[in-house]
Structure formats: structure tokens, C-alpha cells
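Visitor: Sequence:
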Amino acid sequence: MRSDWKMLQQYSKVSQGIVLELLKEAMVSKLGDAKGFLIDGYPRELKEAEEFESKIGEPKLVFCLDCSAETMSSRLLMSNQSSQHSDNTKTIKEGIESYYQASKPVIAYYERKTQLCKVIGESLSLIDSPPKND
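Be aware that the sequence shown starts at 0, since it is given in numbering that gives the first Met the number 0, and climbs by one per residue.
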């Protein structure tokens with residue numbers, strides 16, 4: 000599984016089976032210590048949600064950060080300035096369109112199951128600026 004983690008770190012396309020196995024392995028290893036799990040950016044597609052539920056279990060709650068394409072694009076462009084990624088506006092726009100197309104069925108699925116919690120993300124200060132050390 001070490002090579003699978005390496006592919007993830009290099010942002011290579013990884014098969015759904017590998018992703019699910021890595022998630023399961025990580026979750027099982029923390030079962031005794033964790034009160035729950037927050038999985039960021041997953042599932043991206045309905046088939047991933049269904050497979051996760053059949054192989055790992057049904058989530059108690061699913062969060063969806065709900066914001067406009069413009070807000071997402073702006074945040075991704077800001078993020079690029081402080082990271083190794085160099086996505087341009089066109090690449091980001093294509094990624095956002097792909098996200099919307101793939102995630103709509105997932106969002107609808109969890110809305111029907113009443114497990115979805117939408118968080119309005121247009122002006123979240125926690126997202127717009129780094130956390131303060133108090």
C-alpha cells in the first residue's frame with residue numbers, strides 16, 4: 000500500500016478500489032482513538048458513496064461546503080500562490096465544472112437520506128484567512 004500513498008501524494012489518478020482500501024485501512028487503524036472521521040473531498044461520485052457504504056458503512060452526517068463557482072475559483076487561485084500547484088484559470092474552471100457535474104447526484108443522494116448538512120461557504124473567514132493563534 001506504500002506505493003498507493005505515493006501516487007496520492009503525487010496527485011496521480013488512483014483507482015476507486017485503492018482509495019477505498021486506503022480509507023478503510025486508515026479508519027480501522029484509528030477506531031479505538033477516534034470519535035468519528037472527517038473525510039475531505041470524498042465521495043466525489045455517487046458510485047463512490049454507494050461503494051463506501053457497502054464496504055465501510057453509512058456515514059452519520061455528510062457536510063457540503065456550498066459556494067459559488069466564482070468563490071471556488073478565487074480560493075483555488077489564492078491557494079496556488081502558496082503551494083506547488085500551478086493550475087491556471089482555465090484548468091480551475093474545468094475542474095469546477097467537473098466537480099459540479101459529478102457531485103450533484105451525491106448531494107441529492109445524501110439529501111434524500113437526510114444526512115446532508117450544507118454549510119454556506121461564500122464568506123467563511125476561517126477559509127478566507129489563516130487561523131489566528133490565540
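No lab work stands behind these hints: they were computed from the structure. Where a beta carbon is used, it is the ideal one built from N, C-alpha and C, also for glycine. Errors might be hidden in some of the hints.
Pair by pair, the computed Cβ-Cβ distance ranges are [what the hints assert, rightly or not]:
1. S72 with L21: 39 to 47 Å
2. S53 with S28: 19 to 27 Å
3. K46 with S122: 32 to 40 Å
4. G31 with S67: 34 to 42 Å
5. G31 with I95: 36 to 44 Å
6. S28 with L60: 35 to 43 Å
7. S53 with C116: 34 to 42 Å
8. K59 with Q15: 34 to 42 Å
9. E24 with E121: 32 to 40 Å
10. A25 with F62: 31 to 39 Å
11. S122 with G16: 35 to 43 Å
12. L60 with G31: 19 to 27 Å
13. G31 with T88: 26 to 34 Å
14. E24 with Q114: 19 to 27 Å
Visitor: When the structure is checked against the list of hints, which entries are broken? Sort them ascending.
Guide: The structure breaks hints 1, 6, 7, 8, 10, 13; every other hint is satisfied.
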